[in-house]
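Undergrad: Could you put together the complete structure from these sequences and hints?
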Amino acid sequence: MFNQPTEAAFGGFFKPADHNGHLILVTVVHGIAKKFDTLRNEEIDQADVDVVDLDGDQQIREHVNVTHKAIVSRLTPGATMILGRIGQVATKSGFQAWALQPFNEGTDDQKAEAWVNAHKPTFSQAAAPAAAAPQPSAPATAPAPMPQPPVNTTTGEVATNVDLNDPAVQALLSQLNNGQTPAAPATQAGGTPPF
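If you count the sequence shown from 1, position 186 lands on 186 in the numbering used here, and the numbers rise without skipping.
Heads up, a few of these hints could be off.
[Stated by the list, open to error] With a straight-line cut-off of 30 Å between C-alpha atoms, the simulated DSSO-like cross-links for lysine-lysine are:
1) LYS15 - LYS92
2) LYS69 - LYS35
3) LYS15 - LYS34
4) LYS69 - LYS15
5) LYS15 - LYS35
6) LYS111 - LYS15
7) LYS69 - LYS92
8) LYS15 - LYS120
9) LYS111 - LYS69
10) LYS69 - LYS34
11) LYS92 - LYS34
Because the hints were derived from the structure by calculation, they are not lab data.
TA: Below you can see the structure in the form of structure tokens.
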């Protein structure tokens, strides 16, 4: 009735040799941290990613560690839907290093889009930009002017303390977090903002 979890489905290390020439989709970069590598006797960057080999079994692997410099250097924390091909590049010292190389536009991106669309019911991460449904454009309006901070008329100093529990401040922060342009503040009698 139940299947045992497989080690390959969660965690572990990404082995580029197993994916040479394959199209891979890094669905999310959870983070990049420094790790001491005893073999190299130095600190290296290690990325924690969710990844799919689109030319392999097409199964998502969550929280996989990537330590190859030419792959990690192409990733940024929080990035999603990074598509590329695993291959090798020559280093300055003449050795070959595993790298994440550009994908072929028009074919590879369509294959990745098809995978994302096929896995929408179970795929909880951000959809690829190409796979996202077009959003209706909002009418063009001029952004509301930013309110000027209150100035102490006696000292001429700008007030810097803000009460984060103030409902007006909460509403403004909510609008900013939702990507909305905040509305111009209401003014008190005399035309001054209610700060």
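Undergrad: Determine for every hint whether it applies to the structure shown.
TA: Now the hints, each set against the structure:
A C-alpha spacing of about 22 Å is found between LYS15 and LYS92, which places the hinted pair at or below 30 Å, so the restraint holds. Straight-line distance between C-alpha atoms of LYS69 and LYS35 comes to about 12 Å, which keeps the hinted pair within the 30 Å bound. About 19 Å separates the Cα atoms of LYS15 and LYS34, which keeps this hinted pair within 30 Å; it holds. For the given pair, LYS69 sits about 13 Å from LYS15 by alpha-carbon distance, which is consistent with the 30 Å threshold.
For the suggested pair LYS15 and LYS35, the alpha carbons sit about 17 Å apart, so the restraint of at most 30 Å is met. Only pairs whose Cα atoms come within 30 Å are accepted, and LYS111 paired with LYS15 is accepted, the gap being roughly 22 Å. Restraint check for LYS69 and LYS92: the C-alpha separation of about 13 Å stays at or below 30 Å, so the hint holds. Distance hint between LYS15 and LYS120 is fulfilled; the C-alpha atoms sit about 27 Å from each other, no more than 30 Å.
A distance of roughly 26 Å separates the Cα atoms of LYS111 and LYS69; the hinted pair therefore holds under the 30 Å criterion. For the given pair, LYS69 sits about 12 Å from LYS34 by alpha-carbon distance, which is consistent with the 30 Å threshold. Pair hint LYS92 plus LYS34 holds up; C-alpha atoms about 23 Å apart against a cutoff of 30 Å.
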